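> Construct the complete structure from the given sequences, taking the supplied hints into account.
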Amino acid sequence: MSKERRDEELVNMRTALACTRDMWIMKSFVHKMFHAVSDPTDLVEVITYLSQNSLGHVVMWDYIREAWRQTVDEYAHFSFFFRPPVNAILKILSKKYYTLNNIPPSEEIVALEQSSHATTESSIMQRSFQELFKRNEQNMLWSKTHLRSINKWLEEHVVDQNALM
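Residue 1 is where the sequence shown starts when you use my numbering, and the numbers rise one by one after that.
Accuracy of the hints is not assured; some may be wrong.
[Said to hold, decoys possible] Each pair of labels, with its calculated beta carbon distance range:
id, residue 1, residue 2, range
1, ASN151, THR20, 22 to 32 Å
2, ARG5, LEU141, 41 to 51 Å
3, GLU137, LYS32, 11 to 21 Å
4, GLN130, GLU156, 31 to 41 Å
5, GLN138, ASN12, 28 to 38 Å
6, MET23, ILE150, 16 to 26 Å
7, ILE150, MET1, 42 to 52 Å
8, ASP62, ALA36, 17 to 27 Å
9, HIS146, THR41, 31 to 41 Å
Hints in this document: simulated from the structure, not taken from any laboratory.
It should be emphasised that the depicted structure is a prediction, and the values quoted were computed from it without experimental measurement.
By construction, the Cβ of each residue, glycine as well, lies at the ideal position given by its N, Cα and C atoms.
Here you go:
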């Protein structure tokens with residue numbers, strides 16, 4: 001198999017794995033991607049695939065929360081290349097809608113932001129954290145304000161509870 005064909009197959013496999021609905025497979029995939037992908041641009045691509053899957057989004061946030069420091073240390077030697085994966089994660093997290101069950105607590109966001117100060121003075125990264133924090137607060141407020149209305153509408157219009165899965 002040619003290198004070009006192998007690379008194409010690898011992209012296809014990553015795309016397919018990012019679409020799974022199996023939590024164990026998703027967690028394994030996220031762990032492997034953060035430890036096995038040597039090119040940060042590939043990591044950004046994988047993060048983008050994951051962000052398009054609601055389960056991937058939750059698993060990715062959990063992984064980042066648990067392994068932030070290790071990830072920073074691993075990619076610090078890339079210097080210039082370190083920023084794209086982290087910025088991609090922050091941008092994705094700041095744009096996504098959160099439910100009350102998966103909103104990252106403000107304290108966690110602040111802790112991640114503070115740990116980033118030790119590794120870089122990047123204004124881009126700081127702006128990403130600020131956007132994430134702002135979006136987080138907006139989503140929490142919106143969710144709390146509309147939760148009853150949404151639940152009522154779902155109870156009235158969704159007969160099969162399994163349809164929500």
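> Which numbered hints turn out to be false for this structure?
3
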